[in-house]
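Asks: Listed here are the chains, written in short residue letters.
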Amino acid sequence: MVEAINAGLADAMADDDHVLVFGEDVGRLGGVFRVTDGLQARFGQRRCFDTPLAEAGIVGLAIGLSMRGYRPVPELQFDGFSYPALDQVISHLAKYRNRSQGAMPMRVTVRIPSFGGIGSPEHHCESPETYFAHTAGVRVVSPSNPADAYSMLRESIAGDDPVIFLEPKRRYWSRQDLALPVTTEPSDRARVARPGSDVTVVAYGAMVRVALDAAEVAERDGGVSLEVVDLRCLAPLDLDAVLDSVRRTGRCIVVHEAPRTLGLGAEIAAVVQERAFHSLEAPVLRVTGFDTPYPPATLEGVWLPGVDRLLDAVEQVLEP
Amino acid sequence: MAITDRAEAPVAASTLQVLAPDGAVVPGARYPFELSDADHVGMLTAMTVTRRLDGEFVNLQRQGQLALYPSCLGQEAAQVGITSATRDNDWLFPQYRELGAFVVRGVDPAGIGHMWRGMAHGGTGLIEKCCAPITIPIGTHAPHAVGYALGAKFDGVDTVAVTFIGDGATSEGDVHEALNMAAVFQVPCIFVVQNNHWAISVPLSAQTRVTDIASKAAGYGMAGVRCDGNDVLACRVVMRDALLRAREGRGPTLIEAVTYRMGAHTTADDPTRYRSEGELELWRRRDPIDRYRSHLVAAGIWTAQHEERATETGERAAKRLRDEVFDAPMPDPLSVFDHVLSRRSGELERQRRQLARETGRDAT
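Chains as they are written, first to last, in our numbering: chain A, 1 to 320; chain B, 321 to 684.
Note that these hints are calculated values from the structure, not bench results. Please read all numbers here as calculations on a predicted model, not as lab measurements.
In silico contact screen, one side only, chain B against chain A (beta carbon under 10 Å); selected entries:
| # | residue |
| --- | --- |
| 1 | A440 |
| 2 | E497 |
| 3 | L661 |
| 4 | R663 |
Cβ coordinates follow ideal geometry from the N, Cα and C atoms, glycine included.
Pulled out of the complex, with its shape left as it was, chain A reads as follows (with noise of 0.2 Å):
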């Protein structure tokens, strides 16, 4: 996946020489994940630059080009350092269309490698996801591939909105062969990443595979059938794809790192028991992070949802 991103960043700097790269340690050393690597060298000092350890200031600087026609492409290093910069996307990246009665669109997408899984010290492991997805006027997307990496890395980059793009570290080593440029689905709609009949698991980012590895072992150990959605856009949300597959399958469980009160899944529960309810064989279940501080790293493997925690929940939605 680091691989695809990289090529993404590149592609999309050599079709368009208004596309910026720039962030803490993504010049000469090419990123702390290597995401950047060779950018600097290739494209010159102004297209991919470091910048003083600023995360705030880093995203006003990319509104500021904004404004002046770049499409500039920040990196905040890691999703816990992500926070200080919170204020200059809610009270300025999503509202400067609005202010501006859109004469000021922001083309800005600011890459956030994210989520847990690799073993790292605190703040290095966060799902940021919600406080960005509950603020209206910008897109979040996290690929959860590395063909819908570069895809939706390109159309962010390429589009009209303002996207915090969320890279799920803990699948930045996974490979696919690939013929690059490729261009997968819209990256505001949601896929069916596996088609199944029983349950529909509802997943995004490094808990697709999750979600896949735990419909392999239903599907061998007890001949249950998941349909594994992988939503791709968490904001705004296309809950379309989810609802065609919930009234099919009458059974629906939403996975997620992020702690469990008022994350994505609360919403998506909701949506789904206010628009599929009659097709609803069993409550809408919760597969998550608990709703504690991310644990130190020794404890992140009982922490986060894996398959076990998925197909108990399977079980429970199964229950006659």
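Put chain B on the given structure of chain A with help from the hints.
Replies: What follows is chain B alone, placed relative to chain A:
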């Protein structure tokens, strides 16, 4: 206890001044000889119009026509002196008290009235005049000016970004980040701190230990200069220098314009709770308009006819504002769904139809 020591202090020797409070040219001052009589008339006219219009905004708020208004009374020299030195395509990033800057740029006062009446966020008619929307959060717009200036630098043009902040904003983290980045990137960005001595009720002495905000520039490795913000010619001179530095690629400047907020923080504030009448009286004697008028009259540049014309222009602007906002109808309720993103999501369409039903409108 009101801590008013600094606001009551005499103007420091390090503060650039051209005109003394009585309008006389300060001995050895850097007088801006390049300004024509028409330039001078234009500046004093803009200050006069600003004061009249500012008063009309306050009146309209008192009459229940505006939700709120932050008066710029007393700060006309800083705003007009700074802005009149810019080119029309230099971008201004205002806070919310910069009526004088908007008057110089020829922004329709109705568009500012629409903001304070609660009809349109950010104001209307600003962007056409290269002014960013009016910004209420303190200092968080400063990094935008840096980004804009960086873009201008990349484009190889000599356009400058100017951001207006106050003494209170210098305590904000985003202002620190903006100053630092502007210096690191050596961008054509000018930070204008209108030090009006009060951040609502908190005096400058409770905001910072330094007595000279311009001295903070040294910590960022950028030029810093302090001028008498009630002396329009001093403001014009320091801005001229800063613009030249920016256009020549010599980096950003921090300007501290020492002025005073003669009015309340906003129409919702009661300054008698925290500052003294004596302090106000002191600053009344430093009034920026009286000072400049005395100078121009003595120089034979400003006549009774100019005064009359400036008064008329102010009345016209005030009437324009009043006509456009007084009992102005509520905007179309469905407009809240415009300009959220480039296109409306399915959910937003559903919510829009709901509001259309509730307000008896056609959602198509």
